[in-house]
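> One-letter residues, chain by chain:
There are 2 protein chains.
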Amino acid sequence: VLIGLGLFDEKDISLKGLEEAKNSSKVYAEVYTSIWKGSFKKLEKMVGKKISLLERKDLEEEFEKILEEAKEEKIAVFVPGDPLIATTHSSLILEARKRGVGTKIIHSSSIISAIAECGLHIYKFGKILTIPLPEKTKILPQSVYDGIKENLGRGLHTLCLLDVDVESKKFLEVNEALGILMEMENIFNKKVVSLSTKILVLSEIGSDKPKIVYDKIENLLKQEFNLPAVIIIPGELHFTEKEFLNSI
Amino acid sequence: VLIGLGLFDEKDISLKGLEEAKNSSKVYAEVYTSIWKGSFKKLEKMVGKKISLLERKDLEEEFEKILEEAKEEKIAVFVPGDPLIATTHSSLILEARKRGVGTKIIHSSSIISAIAECGLHIYKFGKILTIPLPEKTKILPQSVYDGIKENLGRGLHTLCLLDVDVESKKFLEVNEALGILMEMENIFNKKVVSLSTKILVLSEIGSDKPKIVYDKIENLLKQEFNLPAVIIIPGELHFTEKEFLNSI
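Chains as they are written, first to last, in my numbering: chain A, 26 to 273; chain B, 26 to 273.
Calculated from the structure, these hints are not laboratory results.
No experiment lies behind these values; they were computed from the predicted model shown.
Just to be clear, a hint being listed does not mean it is correct.
Unchecked claim - Dumping the calculated DSS-like pairs for lysine-lysine here, alpha-carbon to alpha-carbon at most 30 Å:
# : chain 1 : residue 1 : chain 2 : residue 2
1 : A       : K90       : B       : K236
2 : B       : K62       : B       : K123
3 : B       : K75       : A       : K234
4 : A       : K62       : B       : K47
5 : B       : K216      : A       : K174
6 : B       : K123      : B       : K149
7 : A       : K174      : A       : K267
8 : A       : K70       : B       : K216
9 : A       : K236      : B       : K99
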């Protein structure tokens, strides 16, 4: 059973998710594919069981062990957000199926739908992109830049996720991501964004103090944003969207 | 406080959502913008309070009343899924802001991210579309058909939601939606789908028995699907996506 922990902390799990964990023989947690701000101590208390953290070094090997155990008993694996947003988790499900191990997904809140909190209509978003960690790419990927351009060409908004490197525990910061965006503009030069383009930063959505800022890139670059965060580049704005953005 | 009820039933609410409802002076529920299969009796028991169902006839007027009350005390409004996916709810938030009433969103699971359960990568979806109820449109909207075509042109998958008419309580069935898709093909005739196109139907995601079928439209037309359901028209498939779809 893959159980989504939801957006922010240990209280974002659903009642169904908690119940499934309680009814499992063993509970694991994988918390590297995205940022989770909850407390494991509290989560263990809620579940009434020890939670084993998976080793980030060799997730594949860890999954192997879990699949073996799951042949005999019910194993729960906690993951941040909605479980299958990280493709790593789809492959765990696929591997389970190949071995005849039954699977179940307990969904939870995810940034993919929670971005609607900024007032942009979810029906007007195009392809989701990820701004890469500079350490991971020698050259900036034009596909990301072109993806934003294609969305804009259709009048669509773009959700940009910030890259995570599971092994090195590196997370791309908002300021770095904005810098990369401007660097891409300089290199690929197709007038997708400029320092005076107004875009959105959504930080700590699902927390008690979500921060949503709609401003020019040059101003956003001067601000501090906590992680987890995402960047949204708006396309054409419906008047209700405009009104909402102006109320932020 | 807008509180998401999540995907399917009363156990899909988060612990945070339940806590917020318990701490509110009054609890309302709006359950018309999408299908919710939970039990209000059970939900009332969980919250320990009476839940007032909003009148479907005049939601605007109901919202007006809530906003007045919210000036004095903490009011919770339950909505299915993740709260701001329905644009009606964004306007409630906007209206609250205009009146200086503080707002809070408690996110929950939504079909927007839960579709990843079919194994298609969420990063490869394009614009979301809604297949309209035939009663609501005299002529079929070409924008929906062209939207699918544009997504396919970029190699992207398309999530098609099924229309709901709040006032008449009408819900588009999967079979009707598939029929409309084929009718659009006949009228607009740009080779987007044919009876032998393999697409996906996801039904009752979040329930104990989610049904996910990947098959040709002609075969899907012969099957029964419970609501809530969505249709997905896949674009180009990554080999891991192919492998996953074949394991269904």
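> It remains to establish, for every hint, whether it holds in the given structure.
Outcome of the hint check:
1. A:K90 / B:K236: holds, 28 Å
2. B:K62 / B:K123: violated, 33 Å
3. B:K75 / A:K234: This hinted pair holds, its Cα atoms lying about 29 Å apart.
4. A:K62 / B:K47: holds, 23 Å
5. B:K216 / A:K174: Measuring from Cα to Cα gives roughly 26 Å; hence the hint holds.
6. B:K123 / B:K149: Status violated; Cα separation ~37 Å.
7. A:K174 / A:K267: holds, 21 Å
8. A:K70 / B:K216: Distance of about 56 Å is beyond 30 Å: violated.
9. A:K236 / B:K99: holds, 21 Å
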